[in-house]
Structures are given as structure tokens and as C-alpha cells.
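Use these hints to put chain B onto chain A, whose structure you have.
There are 2 protein chains.
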Amino acid sequence: MASWESDQVSLDVQDYIKDRLPLVDAALEKIVPPAEEPPTALHGAMRHLLFPSGKRFRPMLAFAGAEAVGGTASDALPAACSVELIHTYSLIHDDLPCMDDDALRRGRPTVHIAYGEANAVLAGDALLALAYESLAEALTDTGPEALVLAIRDLAHAAGSRQLVGGQADDLDAAGDDSSVEQVESVHARKTAALIGASIVCGARLAGASDEQLAALHGFGYDVGIAFQIADDLLDEGEDDPCSLVTALGADAARARANDLLDEALEGIASFGEAAKPLRALARFAVKRTQ
Amino acid sequence: MASWESDQVSLDVQDYIKDRLPLVDAALEKIVPPAEEPPTALHGAMRHLLFPSGKRFRPMLAFAGAEAVGGTASDALPAACSVELIHTYSLIHDDLPCMDDDALRRGRPTVHIAYGEANAVLAGDALLALAYESLAEALTDTGPEALVLAIRDLAHAAGSRQLVGGQADDLDAAGDDSSVEQVESVHARKTAALIGASIVCGARLAGASDEQLAALHGFGYDVGIAFQIADDLLDEGEDDPCSLVTALGADAARARANDLLDEALEGIASFGEAAKPLRALARFAVKRTQ
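Order-wise, the sequence lines are chains A and B. The first sequence begins at 504 in our numbering and counts up one residue at a time. The second sequence begins at 504 in our numbering and counts up one residue at a time.
No lab work stands behind these hints: they were computed from the structure. Quick caveat: nothing in here was measured; it's all calculated off a predicted structure. Check before you lean on any hint, since a few could be wrong.
To be verified - Here are some, though not all, of the chain A residues that point toward chain B, as calculated from beta-carbon distances under 8 Å: (1) L545; (2) E620; (3) N622; (4) E648; (5) G662.
Stated by the list, open to error - Which stretches of chain B does chain A cover? Using the computed rule of at least three CB atoms under 8 Å from a CB of chain A, they are: (6) 541-550; (7) 596-603; (8) 668-676.
Unchecked claim - What follows is a list of derived Cβ distance ranges for each label pair: (9) B/A617 x A/N761: 43 to 49 Å; (10) B/G610 x A/R609: 42 to 48 Å; (11) A/L751 x B/F554: 38 to 44 Å; (12) A/V683 x B/A717: 55 to 61 Å; (13) A/G646 x B/L524: 34 to 40 Å; (14) B/A717 x A/T643: 18 to 24 Å; (15) A/R611 x B/L607: 33 to 39 Å; (16) A/G610 x B/S773: 55 to 61 Å.
Note that the Cβ used here is the ideal one computed from N, Cα and C, for glycine as well.
The following block holds chain A by itself, in its conformation from the complex:
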């Protein structure tokens, strides 16, 4: 059994992430205006959650998506940066007083606490614009058609039928206990859509075929939902109304996450060795304990 498949999996994933972090961090550092550039509060607010980096899970999925179809992390780099910019914008806006009203994220003040509410709204807006600008700027390295399709996929994943619509329904669900179907519909749009788009867009920039993209899309969707269940299991006891743990109980939720993971892995069985990092990242995301 290869180490990716064994109990050593989390160690290997951490190596994979550690190897590729400098690539995405350096690119983001170049894309996002420096904090010293006026308007300094706006640019500081844009950088606040982006640096220092966390695991950069979505960029890693973009890299692994490219590698799964025979490409390299470098091929996927513009998509990797864009998904991280979109993810960061969504965290900033979700934390706003009119949304989840959170004062802390990853142990640090949220952007509106550190820079004020107007700068938090504007920083999110600017990160969203920058996600598309920086992807379009990759034109010299990537064929224009793959780039347009990646932009379309990412914008669709970020829009009212996916991420933003999921957040709207999540806010609406606050206070009510939601059904299993309602919870999964929110998680599909709020979490799984961008996770799926990360993998698909990474693979697109590496020249994936339509058949490969369809398989990766299905994989990303299942892994995205399972990832959200893993998050909810870690938050158990917080009594989130829009959580599969609340709707089903912890044991059934864990079983559902494992089923989704198995289904996801089966869907990309034909990718063979090239998809080992993608499989390992998925297992890591679903089985993590912190």
C-alpha cells in the first residue's frame, strides 16, 4: 500500500502542502497590492486574512487537479490564486456585522474589527475583482479559451446560484432547525461549488479533456460536502442550525461524510497514479481532527 493510502496520509499531505505553499504565497504576494500602497487601509484590509497563509486548501486542490491530468502545479497557479482570493473575500463578507457578526477568525480580529466595516466591504469587493483580473492576466502563459472557461466556472461558483445563494440561505436558516436536504443544499452551494471549481479550473489550465473535467467536477462536489461535514463535526456542540451534525447526529453525519468520500474516490479511480495527491488531499480534508 502506497504511503498516500496508509495512515501516513496526513504526513504526506503536509509535505505536499509545504512543498507548494511558497509557489502560491509568492504569487499572491505579487498579485495583491502592498499594504503601503494607498489607500493603505484598503490594501491592509485585503491582506489581513490572506497573509500569513493557512493551509491554502483550495489552491492545493487546484494544483492536485492539474497534476491529476498530467500537468504541473505551475500550470494551475493562476486558478490557485483566484480561488484563494474568492475564498478570502467570502470570509470577510461572511464575518460582517450584518451577516455572521464574528469578531475573531483563526484567533485574530476579523477584517471589519481591524479596519472598520466600510473597508471590510470594499476589501472583499476588491479581492473579488482581483480574482478575475489576475486570472485574465495569465493570458501569456495559458490558452485564452481555457482561461475564459476557468473564469466562467469560478464566477459561476461565486455567484447567486452557488456561493452567494448558499450564504443567503444559511443566514435565513439561522434560528430554525433545517432538514437534511436544506443543509446539504446550503453546503453544496456555499462550500462544495468553490471546492469543485478549484479542482476543475486547475485541471482546465493543464489541458484536461471534457470527460476528465466532468469526473473532477463530481469528485469536487462530493468532497466539498464531506469537507463541510468534517468542519461541522469539529464544531460539534456549537449548535449550528445549518449543520448535518445537528440534523442527523454526529454518527450519521460521519457515516455520510465517509460515504461521500468513497463515492468521490471511486469517481476518479481511472485517473490512476496521477491523482494520488488529489485523493490524499480529499482524505485529509474529510478525516482531519483539527
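Leaving out everything else, chain B in the frame of chain A:
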């Protein structure tokens, strides 16, 4: 003297706008999800300022930009819709309580008054994503390279170095009297960048040369600043600290707008007859009295 150049100008412009409004309105109607589609409050909020239509000044500039280089309004339609979506998102977020805190726009409740603050933030976010998604969806009709460059230009115009940065500095200026340079820097980024991008992206989708694009970019910048001065002249007496009327007085501000218009028109003299609509729209925007 052709009627575009005469005192009949505003009448002709109104005909031009009236002729082309159905094109952009029908396309926007198709692009933006119906208000009945869940989440209904989110989709209602996205449509609130978008329908019924105003003059659609930026889409008209995109059309006129395409016509100026020998294309048609249809060539520019995807860019025309995207600039209107970006403009509408910026109005929704600018009106928020943490920004300008406006309760009314065009005589109707602002989006956060009508749909709540969370839906207003999310509706703006979703319109911004939709601007790029719908432009990327035009791939079948437009060459992919022009599309990528149009996406890049629009995203740059919407980002922290242009529109969002201008809004951040505009908020910062509240309370202080700004210098002429500070005022024009805000207006260049907050207003002129998107007006310039409207014309340039319309022309891009109609196959404009780099030389033509450079001339149209300069034209759009000058007209955009002059347009903002015209706005400030109409708002005279409101004592906006970030206004050329406040900084220079009404007469000098009007003279500056006229100088910018002359400079703009001179810069596209070589476009001849094809740019008549563009010239007329610029004159109309700068000399309007309401």
C-alpha cells in the same frame, strides 16, 4: 453641420438610447436570475436597481465604442451588460449604512432599505460575479483573446486601484475639503475608470486595434472626469467635500469640464463619422442639465 453636432444633439442622443435600450434590457433580463427563483430576496435585491432601466449610459458607451471602430452594438452587448452589472453593484454597496448610508436612490428605497443589509451586500457580490460569468459566457460569439482582455480591463477598472480605491478615498475625504488634485484622483478612479472601460471593452469585442483602444481609453478618461463634474454641478449646494465645484467654484469647474470634453473630442478626431454617436453621448453627458 450634422445634427449630432448641433443643438439637436440631446434629441439625437435620446433616439440613440431609445433604439438600443431594448437590446441591453432584454440581455440583462436573461442574464440575471428571475426574482421568483430562490433565494427570492437575494434575486429581488439583485434586480431592484437594475430594473426598470435608467439611461444605461455605460452600456450605450460600450455600443458607441464598438460602432466607432466599425462594429455594431450587438458585438459589444456582453461588455455592455457587464459594465451595467458592475455599475449597479457599486451603487448598492455605496449606499450601505457603513458607506454613504443613503435611504433613497432615483426616488426609490435603496436595496438595503428594501431587502435588508445582508441581502444588499450579497446582491452586490453576486452582481459582480455575474458580470464576469456573463462576459465569459459570450465565448461562442467572440474570440477568446478579446474576451480575456475585456475581462481583465473591467476587473482592473472595478478593483482597488480604480473604482474600489476611489470609493475608499471618497469616504476618507468626507468632512475635509479636498484639493483639486485629490478630487480628480477620486473621480478618475471612482467614475472615469469604468466609463473608460465601457468604451474600450465595447470596442475590443468589435475587433479594435491597439492604437484605437489607446485613443478610446484617453477619451473615456477625460469624458469620465467631465461627467462627474457635470454631476457635481447638478448637485451644487449639497456641499460635497469631494467635488470639483466645492474645490474650484461652479464657473471654474464648468470650464474644466468643457476643456476636458474638447480634449476628449480632439483625441478621437481621426475616427470620423463612425464615432458620431460616441461624440454625441460625451457632449450629452457633460452638458446635461438634469
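Indices of hints not satisfied (ascending) | none
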